[in-house]
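Here the protein sequences line up with chains A and B, keeping their order. According to the numbering used here, the first sequence is numbered sequentially starting from 1. According to the numbering used here, the second sequence is numbered sequentially starting from 1001.
Don't take each hint at face value.
Said to hold, decoys possible - Subject to a maximum C-alpha distance of 25 Å in a straight line, what follows is the list of computed SDA-like cross-link-like pairs (lysine to any residue):
| hint | chain 1 | residue 1 | chain 2 | residue 2 |
| --- | --- | --- | --- | --- |
| 1 | B | K1019 | A | K100 |
| 2 | B | K1117 | A | N44 |
| 3 | B | K1043 | A | D43 |
| 4 | B | K1019 | B | Y1058 |
| 5 | A | K23 | B | T1005 |
| 6 | B | K1029 | A | L54 |
| 7 | A | K18 | A | Y114 |
| 8 | B | K1042 | A | S8 |
| 9 | A | K23 | B | H1037 |
| 10 | A | K75 | B | K1117 |
| 11 | B | K1039 | A | K100 |
| 12 | B | K1118 | A | D36 |
| 13 | B | K1117 | A | L40 |
| 14 | B | K1043 | A | K75 |
| 15 | A | K78 | A | M1 |
| 16 | B | K1042 | A | K100 |
| 17 | B | K1042 | B | Q1009 |
| 18 | B | K1029 | A | S87 |
If you're looking for bench data, these hints aren't it; they were derived computationally from the structure. Just so it is clear, the structure is predicted and the values come from calculations on it, not from any experiment.
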Amino acid sequence: MEVKEVVSILNAKVICGKQYLDKSVDFGFASDLMSDVLTLDADNILLITGLSNLQTIRTLEMSDICVVILARDKKASKGMIELAIESDLLIIETEKSMFKTAGLLFEAGLKSVY
Amino acid sequence: MVEETISLQYKIDGGDFKKAGYASSQIKKRLQKLNIHPKVIKKIVIALYEAEINVVAYAYDAVIRIEIGNETVKVKIKDNGPGIQDINQAMEKGYSTASSKIREMGFGAGMGLSNMKKNSDKFDIKSKINEGTEINIINYRINIKNENN
Ligand SMILES: Nc1ncnc2c1ncn2[C@@H]1O[C@H](COP(=O)(O)OP(=O)(O)OP(=O)(O)O)[C@@H](O)[C@H]1O
Ligand SMILES: [Mg+2]
Chain A
1 MEVKEVVSIL
11 NAKVICGKQY
21 LDKSVDFGFA
31 SDLMSDVLTL
41 DADNILLITG
51 LSNLQTIRTL
61 EMSDICVVIL
71 ARDKKASKGM
81 IELAIESDLL
91 IIETEKSMFK
101 TAGLLFEAGL
111 KSVY
Chain B
1001 MVEETISLQY
1011 KIDGGDFKKA
1021 GYASSQIKKR
1031 LQKLNIHPKV
1041 IKKIVIALYE
1051 AEINVVAYAY
1061 DAVIRIEIGN
1071 ETVKVKIKDN
1081 GPGIQDINQA
1091 MEKGYSTASS
1101 KIREMGFGAG
1111 MGLSNMKKNS
1121 DKFDIKSKIN
1131 EGTEINIINY
1141 RINIKNENN
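Given the sequences, and given the hints that come with them, work out the whole structure.
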């Protein structure tokens, strides 16, 4: 599924990385626990999280995950956006809950990791 | 063929969560310029980042040393810190002494050390109480062209 489809399904706001909207993702993973995210082996993962801090972006960078959805109206800080741009990452914000975000994307065909 | 080794060294400070991951990020960028397979780079930087978070969370400071050879990438993380009382227990999935501050940052699930081991071809950890912890990791480089992974 292309990231731009994700954005339209959620009617979400792209904070940075608009030039990567053509990228495609196969799996979704929802967690506030970066410890868990770091253990994932799959490729082309999209992360849904309620944790919005610098380590969220560092975790994406190290895990080769190129897109994160900050759910439930969590906002990306200036520092997070700078780091994300440096590593070519997409940050998307939505007011929807993690549950609803995950549900809508699962319904649209995004696979679960486990 | 003559073994050419590139050595890198980074210092990390404990306690500063804002900077955690900076060294891993710099190292990732260096490895990407050296024609190392992305899957190998991912293993190395995941383990490094876990180690960096542990230093920030539990130790005072640390030195990271990387040696990139033709066949292997070796990583050493040596910290000054309280050390680990029972390494077998610390390696268990789910064992954690993380503070609430660390948990609020998205860590403290007790997965880090076992994940470092999972992402290493060779993994060794030793620790002395009131001195510190030393972790040595070796990962083999795989050929970009005839990929067998
Ligand atoms: N460098 C270190 N110095 C002192 N104690 C450590 C060090 N690294 C780990 N520990 C101890 O080992 C425990 C387990 O570490 P591990 O990295 O596996 O999990 P965690 O840091 O608690 O959580 P996670 O890594 O999943 O976020 C820690 O809670 C801590 O008590
Ligand atoms: Mg840890």
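Fill in: Hint consistency between K1029/B and L54/A [alpha-carbon to alpha-carbon, up to 25 Å]
Given that 25 Å is the threshold and the Cα spacing comes to 18 Å, the pair holds.
Worksheet item: Between K1039/B and K100/A, is the straight-line Cα distance small enough, at 25 Å or below?
Response: Given that 25 Å is the threshold and the Cα spacing comes to 32 Å, the pair is violated.
Worksheet entry | Given hint K1117/B paired with K75/A - CA-CA distance at most 25 Å | The given pair, whose Cα atoms are some 34 Å apart, is violated under the 25 Å limit.
Item to complete: Below or equal to 25 Å on CA atoms is what counts here, so check K1029/B against S87/A.
Response: Holds: K1029/B and S87/A sit about 10 Å apart, inside 25 Å.
Item to complete: Assess, step by step, whether the Cα of K1043/B is no farther than 25 Å from the Cα of D43/A, and give holds or violated.
Response: With a Cα-Cα distance of about 13 Å, the restraint between K1043/B and D43/A holds, given a limit of 25 Å.
Item to complete: Verify the proposed pairing of K78/A with M1/A, using a straight-line Cα cut of 25 Å.
Response: 28 Å, violated
Worksheet item: Keeping to a limit of 25 Å between CA atoms, is the pair of K1117/B and N44/A held or broken?
Response: 23 Å, holds
Discussion item. Would the hint linking K1117/B and L40/A be met if the CA-CA limit is 25 Å?
Written reply: 14 Å, holds
Fill in: Given hint S8/A paired with K1042/B - CA-CA distance at most 25 Å
Violated. K1042/B to S8/A sits at ~31 Å, over the 25 Å cutoff.
Item to complete: Mind checking the alpha carbons of K1042/B and K100/A for me, to see if they're no more than 25 Å apart?
Response: 31 Å, violated
Practice prompt. Decide if the proposed pair is consistent with the structure: K23/A and H1037/B, CA atoms, cutoff 25 Å inclusive.
Written response: Holds - the C-alpha atoms of H1037/B and K23/A are around 21 Å apart, at most 25 Å.
Worksheet entry | Distance restraint between K1042/B and Q1009/B, which requires alpha-carbon spacing of 25 Å or less | Holds, at about 19 Å.
Hint compliance for this structure: hints 1, 5, 7, 8, 10, 11, 14, 15 and 16 are not met, and every other hint is.
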